[in-house]
Amino acid sequence: MINIFLLWFSIYFGYCFGSDFKYCLILLLTSLQKYAGKTVYEFLGVPYAKEPIGKRRFTPPLPFEKEDWDDEPYYNATYVRNGCYQNTRDFPLPGFNWTHPSSIAEHCLHVNIWKSASPNGGVLVVFFDVLHMRGSGTLDELNGGYLAAKTDLIVITVSYRLSIFGFGYLGEDGKYLTGNTGLLDQQMSLQWVYENIDKFGGDGKKITIAGFGSASTLATAHLFSTKSHKYFSSIFASSESITSMWSYNSREVAEKATRDVAYRVGCTNKTDYDIYKCLLKANPYKLAVAAEDLMFRGNFPFQYGFNVINYDNVFFNGNLITKIKNRKMKEDFIFFGSKSKYIGALYLAMFSDKYDFGFKTEGIFTNISYSSFKISYSQFKIFMSKINKHLGLKDYELKLIYEKYVDVKKIKKIKDFKSIIVKIVSDIYFNVGMEKFVYDLSYEHLSKKTYFYEFVRTSSGDRSRFPEWVLPRPGSEMEYFFGNPFTMSYKYNKKFIKLDQRVSYKMMMMMKSFVTTGKPGSKWYGFSTSSKNVFIVGDNNYCKDKSKKVSKTSVYTDKIKSLIQILPKEFNLQI
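For my numbering, count along the sequence shown from 1 and bump the result up by 69.
It is possible that some hints are incorrect.
Simulated crosslink set (DSSO-like; lysine-lysine; CA at most 27 angstroms straight-line) [as the list claims (entries may be wrong)]:
1. K638 with K468
2. K492 with K481
3. K505 with K397
4. K473 with K455
5. K505 with K517
6. K274 with K296
7. K244 with K355
Hints in this document: simulated from the structure, not taken from any laboratory.
With the sequences and hints as input, model every part of the structure.
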């Protein structure tokens with residue numbers, strides 16, 4: 070039973086935890102806000118698990134219980150709480166400083182909920198992070214009020230543990246740090262939503278997980294965790310999936326990284342138990358900074374120790390690689406995915422040895438001077454040798470990759486190999502994994518339906534900050550879904566803001582249709598291995614309601630197929 074009592078601009082909203090009615094006395098104090106001229110109820114900073122503090126810093130989450138509430142008769146859900154611990158200094162990618170929250174703390178396992186006065190039952194649960202190091206459900210860019218107002222979806226953003234707190238591993242079989250704790254946080258948030266969403270007017274059978282940024286890999290990871298299966302019916306993943314070879318590490322790599330961070334913060338004890346006890350007492354911000362510093366020692370954006378581990382006894386309950394190979398995954402779901410053709414461009418800045426192959430930056434953590442350099446043929450060969458440190462390919466295999474991107478007959482005419490490097494990074498680290506994942510879902514009938522599109526829209530604000538060859542910027546897709554051109558118009562060029570808003574509105578409607586009907590729109594066709602229907606989203610045709618399909622040869626091409634045969638199943642990492 071829902072108890073609603075109006076009080077000025079606030080309401081008391083009663084709901085239960087799970088099916089145990091002894092918890093039904095809990096009330097949420099929330100606020101009424103106006104978005105797009107509609108009233109939206111905001112429930113901010115609602116806890117879905119016990120605070121991971123003290124001895125629980127690294128442990129799997131525990132359910133939130135009534136006794137965990139304060140003595141107050143209600144919970145004040147009128148303001149956002151802290152994001153989880155992470156480094157808050159400037160990020161090395163320009164335009165990405167918004168990715169960390171304004172305040173951080175260890176008591177951070179919260180959800181934020183937005184609902185209109187007449188929700189249609191559809192539920193969108195959003196995960197977002199950058200390299201599992203930064204991100205939060207509390208970011209202004211993820212304010213779900215406008216999206217809820219325009220779509221009548223119930224929009225939920227989730228904060229979960231990152232870095233060493235969410236993905237550290239220590240001890241035999243993870244005795245002290247289990248690994249994949251961040252995934253367990255997500256899983257508990259999904260369980261909380263599934264058990265309580267009806268109190269907010271949502272339908273537990275219409276829950277869609279949406280993964281943006283690196284969290285796309287985490288969202289798709291839930292397909293391979295049996296416990297997660299009943300908590301959602303569909304998935305949206307932006308550009309990445311858990312089946313990509315960079316999306317997970319071995320336990321050995323994660324443990325080495327954990328020990329490295331422990332050493333950096335002064336936990337030099339001899340036994341695992343003593344290291345663990347020391348880590349529990351260590352300054353959490355120093356742990357976050359040390360973990361990120363470790364990441365940037367790697368040679369590529371994804372070569373850090375704090376990632377999903379491919380074998381555990383807590384989330385996958387087995388070997389992820391084996392599950393992927395044997396298709397041991399959720400089957401009764403609908404998949405909606407996207408790709409961004411040159412997504413790898415911005416990530417060149419993350420290469421720690423980028424200077425060796427001619428990539429230039431100004432300062433340590435300042436804007437990248439993208440337009441002021443060229444990469445020569447000799448530097449390109451250095452780049453190829455650098456990527457092979459982690460690919461571990463034989464000379465002839467590396468040559469095969471080289472020949473797929475360089476026309477040997479025209480090599481003397483190529484003045485700048487920058488664009489070729491961008492294509493290689495985009496394909497190897499993003500497109501190969503995502504396109505194969507989508508192809509396999511369709512070919513083996515693993516999903517009930519699969520939809521796929523290529524995002525090509527460059528925001529008007531980004532055009533003034535970046536050269537053309539790095540666009541569209543990773544992350545801008547999410548901003549359109551959340552209506553940022555309407556709510557944060559100052560980020561966009563006034564001359565073109567109406568076009569940005571039109572794209573944003575159409576993308577919000579696309580998400581509404583997918584969550585509520587299982588199809589992004591009436592004109593959409595499912596992806597199949599024969600037709601390869603892939604829509605273009607964000608170009609002029611899209612804005613004019615004339616969406617067109619990409620040609621059949623543009624997705625899962627012979628080039629992508631051959632790369633799959635050449636590339637290893639996982640990286641040869643050295644921390």
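Hints and how they fare:
no. : hint           : result
1   : K638 with K468 : holds, 19 angstroms
2   : K492 with K481 : holds, 19 angstroms
3   : K505 with K397 : holds, 17 angstroms
4   : K473 with K455 : holds, 18 angstroms
5   : K505 with K517 : holds, 17 angstroms
6   : K274 with K296 : holds, 16 angstroms
7   : K244 with K355 : holds, 23 angstroms
The structure fails none of the hints (numbered hints given earlier).
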